[in-house]
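Enquirer: Residue numbers (this note's numbering), protein chains in the order written: chain P, 1 to 278; chain V, 1 to 267.
Hints are computed from structural coordinates only; laboratory data are not their basis. All C-beta atoms in this analysis are idealised placements derived from N, C-alpha and C, irrespective of residue type, glycine included. Hints may be right or wrong, so weigh each one.
Said to hold, decoys possible - So the derived list for chain P, only partly shown, Cβ under 7 Å to chain V, looks like this:
| # | residue |
| --- | --- |
| 1 | Met175 |
| 2 | Ser178 |
| 3 | Ala260 |
What the hints assert, rightly or not - The following residues of chain P were derived to be distant from chain V, with all beta-carbon distances above 12 Å:
| # | residue |
| --- | --- |
| 4 | Ser24 |
| 5 | Arg25 |
| 6 | Gly92 |
| 7 | Val95 |
| 8 | Pro170 |
| 9 | Ile173 |
| 10 | Arg189 |
| 11 | Met196 |
| 12 | Val268 |
| 13 | Trp270 |
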Amino acid sequence: MSSADSQRLATGGGRPRAGRSLVSRALDSKAVLRLLTLAVIAAIWQWYALAIGGLLIPTFDGTVLAFIGLLFDAEFWRAVWVSNQAMLIGFGVTVAFGIPMGLLMGRYRPAEMFTDVYINIMLVTPMAALIPLIIMAIGFGLNARVLLVVLFAIPMVIVNSRAGVREVDPSLIEMAQSFGARERTIWWRILVPGSMPAIMTGLRIGLSRSLTAMVVIELLLIAVGLGGLIINFRGAFEPESLYAVVVFVVLEALLLITIARWLERRLVPWTREGVLAK
Amino acid sequence: MIEIRGVSKAFPGRGGKGGVQALEDVNLTVHDNEFLTVLGPSGCGKTTLLRCLGGLVSWDEGEILIDGRPVTGPGPERAMVFQSIALMPWATVVRNVTFGLELRGVSGSDARARARELIEVVGLAGFESSMPFELSGGMQQRVGLARALAVQPEVLLMDEPFGALDEQTRRLLQEELLQIWEERRTTVVFITHSMEEAVLLGDRVALMSARPGKIEEIVTVPMPRPRSAHLDTVEGSAEFAEVTSRLWGRLREWQVDVGRHRRVAAG
């Protein structure tokens with residue numbers, strides 16, 4: 001091996017990059033860039049709170065401290081559980097009923113004809129307006145919160161599952177039939193896997209709508225869980241804690257959506273290169 | 001032997017108006033191990049005829065018999081190859097090929113072994129675990145062919161299988177299809193709108209006219225078998241020229257209107 005070769009190996013063949021400044025290389029890294037953005041936002045926040053903001057705008061460092069304080073507070077984790085209980089049950093019900101409903105509506109015209117109008121109503125109605133009705137009908141309990149989560153999330157799951165079935169290439173169904181497949185086999189071998197990409201999209205949107213519903217009902221009428229905490233902290237003039245709860249909700253949403261995206265990539269990898277890659 | 005007797009089929013139009021007579025009194029006999037090509041302009045009902053043969057759609061009048069038994073639906077003695085190829089995008093090549101076998105009751109390692117064998121026959125050895133989107137159009141259609149051959153059909157129904165491929169790929173696949181067919185003879189009904197393809201591949205060419213879809217003429221292709229090793233010589237032969245010019249003569253009679261429009265447009 002010549003000395004030139006060994007030199008190139010030693011520097012990792014990175015000769016063109018070696019001339020670039022440390023700063024421009026660091027800016028290429030996504031993580032660095034994101035941290036930098038965060039630092040800028042934090043700085044602006046801190047400056048605004050100190051210079052302009054009054055009593056109700058907490059400082060950045062105050063919020064961070066309050067956030068850390070919350071993480072060691074048993075009361076807080078009880079609130080997290082109360083909120084998420086409604087969300088998890090509601091989302092479970094949404095998955096269990098929404099997917100089959102959407103799939104059936106996509107495949108069978110009568111099912112579509114009878115339910116389509118109601119799905120459209122659910123899609124256009126601001127669901128928050130139904131909260132008083134729900135509470136009058138079934139009270140302030142867990143049921144009311146679960147129901148609202150379902151009402152928020154299920155239209156998205158139904159509509160996407162329905163679109164998924166409709167988007168399945170009809171020639172695949174014909175192909176299966178040509179080998180003697182009956183309706184049951186067509187469902188399990190063609191329609192369900194073929195709808196998976198759209199179903200996963202529906203679940204992802206449904207999940208974020210579930211989170212919205214969970215917080216909205218607690219803020220508007222049933223002051224328990226995280227929404228209840230927010231209201232309490234507002235009443236007690238503790239803006240740091242209030243902001244910290246909001247930050248927690250945002251982080252939870254980010255975490256759940258990241259998990260959903262990861263699952264999507266694992267379960268429907270073929271869409272990455274296929275026509276459905278979006 | 002396939003016997004098509006007096007088959008007619010109409011597609012009703014919306015609200016009872018503007019229906020299309022897709023097939024009108026079609027009579028056709030396909031002999032055992034014969035390679036029959038059906039040639040016709042687009043929209044002449046040739047695909048409908050194949051779907052009837054496959055048992056995928058019903059028809060209004062007449063009957064179709066395969067070895068004397070009437071066709072009432074898809075059957076184990078038939079397999080289809082589609083122009084749209086129809087591979088499951090979520091399944092590997094092997095799992096696409098075993099699909100038909102599994103539906104016909106062959107499963108597990110038997111199905112996989114059989115699939116691997118056919119994948120090799122169609123020249124895709126080494127691509128068993130590839131996903132369809134990783135393959136070119138020609139390779140995808142090889143998978144489609146392997147899937148159909150895997151169930152060991154007596155009748156292979158091919159619906160413009162090479163219609164969507166580019167010229168070079170199409171020629172290569174024509175050659176290989178003939179080679180495979182020469183080794184393992186089955187009855188083939190091959191739909192195409194390419195005159196050259198119909199003559200190169202077929203023992204006989206059934207010529208269809210459009211609206212209503214009718215078999216107008218059946219032309220016997222005189223070139224000897226096997227042809228796969230020297231398709232170019234076959235295409236350059238006097239017989240090829242004679243058969244194609246005869247077919248063209250008939251086709252031109254129905255296409256005269258279209259032709260006139262084209263000449264006006266070109267002039």
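Enquirer: Check the structure against each numbered hint from earlier and tell me which ones fail, lowest number first.
Expert: 3, 8, 9, 10, 11, 12, 13
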